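S.K.: Sequence:
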Amino acid sequence: MFFTDWEGPWILTDFALELCMAVFNNARFFSNLSEYDDYLAYEVRREGYEAGYTLKLLTPFLAAAGVKNRDVERIAELSAKFVPDAEKAMATLQERWTPVVISTSYTQYLRRTASMIGVRGELHGTEVDFDSIAVPEGLREELLSIIDVIASLSGEELFRKLDELFSRSEVRKIVESVKAVGAGEKAKIVRGYCESKGIDFP
Numbered sequence: 001m002f003f004t005d006w007e008g009p010w011i012l013t014d015f016a017l018e019l020c021m022a023v024f025n026n027a028r029f030f031s032n033l034s035e036y037d038d039y040l041a042y043e044v045r046r047e048g049y050e051a052g053y054t055l056k057l058l059t060p061f062l063a064a065a066g067v068k069n070r071d072v073e074r075i076a077e078l079s080a081k082f083v084p085d086a087e088k089a090m091a092t093l094q095e096r097w098t099p100v101v102i103s104t105s106y107t108q109y110l111r112r113t114a115s116m117i118g119v120r121g122e123l124h125g126t127e128v129d130f131d132s133i134a135v136p137e138g139l140r141e142e143l144l145s146i147i148d149v150i151a152s153l154s155g156e157e158l159f160r161k162l163d164e165l166f167s168r169s170e171v172r173k174i175v176e177s178v179k180a181v182g183a184g185e186k187a188k189i190v191r192g193y194c195e196s197k198g199i200d201f202p
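Using full-length UniProt numbering, the letters of the sequence shown map in sequence onto residues 1 to 202.
Hint data in this document are derived by calculation from the structure and do not stem from the laboratory.
Bear in mind that the values here come from a model prediction, so they are computed numbers and not experimental data.
Cβ atoms here follow ideal geometry from the backbone N, Cα and C, with glycine treated the same way.
Any given hint could turn out to be false.
[Unchecked claim] Simulated pairs of lysine-lysine, DSS-like, Cα-Cα distance not exceeding 27 Å:
| hint | residue 1 | residue 2 |
| --- | --- | --- |
| 1 | Lys68 | Lys179 |
| 2 | Lys179 | Lys197 |
| 3 | Lys179 | Lys161 |
| 4 | Lys68 | Lys81 |
| 5 | Lys68 | Lys173 |
| 6 | Lys173 | Lys161 |
| 7 | Lys173 | Lys188 |
| 8 | Lys88 | Lys186 |
| 9 | Lys186 | Lys197 |
| 10 | Lys173 | Lys186 |
| 11 | Lys68 | Lys186 |
| 12 | Lys81 | Lys186 |
| 13 | Lys179 | Lys81 |
[To be verified] Across the chosen pairs, the derived CB separations fall in these ranges:
| hint | residue 1 | residue 2 | range |
| --- | --- | --- | --- |
| 14 | Phe2 | Gly184 | 20 to 30 Å |
| 15 | Asn25 | Gly184 | 26 to 36 Å |
| 16 | Ser31 | Ser177 | 23 to 33 Å |
| 17 | Ile189 | Arg120 | 15 to 25 Å |
Whenever a hint applies, use it, and build me the whole structure from the sequences.
M.R.: Below, the structure is given as structure tokens:
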């Protein structure tokens, strides 16, 4: 077997950004969520929080917009831009080894795009079932109306606004339902395979 990430080595799409553009048409909103992600991971050093958890933060807004699993898969297919010769390279590698793809990406995106280049192996990504998320109407309207506000803020004002939003129990509940694959989770997955196969873990 061989271990690999997905976005970067095989596909060039920044799918979280593509989702924000497809659903909200707002790149600045995504940029500010990413900045807040870095703030929590590197400045606040919040316990249990890792850089790359932007997808957890994004999920309540996508759910409020009515995004379902099939929508994520459709946008994944439409936005996919693969590294040149990715399909050929994957086919060559799979002649000898089984791929284990470990990615921060939503699993709906990972499964759909992996199938597009014939990946036959294990896929590990951020797990969230959009079909099962119920957002109360009042919260739904609030989340959708605050997107442009978030996009307009910066620095401490941005961080305060998002701290306030994500501290609310109904928003936090959605965020915590997302099983994200950050750097720590990636290492645990690799370790699990190594232990099961008797491979030395670096």
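S.K.: The structure should be examined with respect to each hint, and the outcome stated for every one.
M.R.: Each hint tested on the structure:
About 17 Å separates the Cα atoms of lysine 68 and lysine 179, which keeps this hinted pair within 27 Å; it holds. A threshold of 27 Å between alpha carbons decides the hint, and for lysine 179 with lysine 197 the separation of about 25 Å falls inside it, so the pair holds. Between lysine 179 and lysine 161 the CA atoms are separated by roughly 24 Å; this keeps the pair inside 27 Å, and the hint holds. With a CA separation close to 22 Å, the supplied pair lysine 68 and lysine 81 stays within the 27 Å bound.
For the hint linking lysine 68 to lysine 173, the alpha-carbon distance of about 18 Å falls within 27 Å, and the restraint holds. At most 27 Å may separate the alpha-carbon atoms for a hinted pair to count; lysine 173 and lysine 161 meet this at roughly 18 Å. Distance check on the hinted pair: lysine 173 and lysine 188 sit about 24 Å apart at the alpha-carbon level, within 27 Å; holds. Between the alpha carbons of lysine 88 and lysine 186 the distance comes to roughly 26 Å, so the proposed pair stays at or under 27 Å and holds.
Restraint check for lysine 186 and lysine 197: satisfied, since their Cα atoms lie roughly 17 Å apart, inside the 27 Å limit. Proposed proximity of lysine 173 and lysine 186 is supported: the alpha carbons are some 23 Å apart, at most 27 Å. With a C-alpha separation of about 26 Å, the suggested pairing of lysine 68 with lysine 186 holds against the 27 Å cut-off. Using a Cα cut-off of 27 Å, the hinted pair lysine 81 and lysine 186 holds, with the two alpha carbons roughly 24 Å apart.
Distance check on the hinted pair: lysine 179 and lysine 81 sit about 25 Å apart at the alpha-carbon level, within 27 Å; holds. For phenylalanine 2 and glycine 184, the hinted distance range of 20 to 30 Å is satisfied, since their beta carbons lie about 21 Å from each other. Separated by about 33 Å at the C-beta atoms, asparagine 25 and glycine 184 satisfy the suggested range of 26 to 36 Å. Between serine 31 and serine 177, the C-beta spacing of about 25 Å keeps the proposed range 23 to 33 Å intact.
Roughly 18 Å separates the CB atoms of isoleucine 189 and arginine 120, a value that falls within the hinted 15 to 25 Å.
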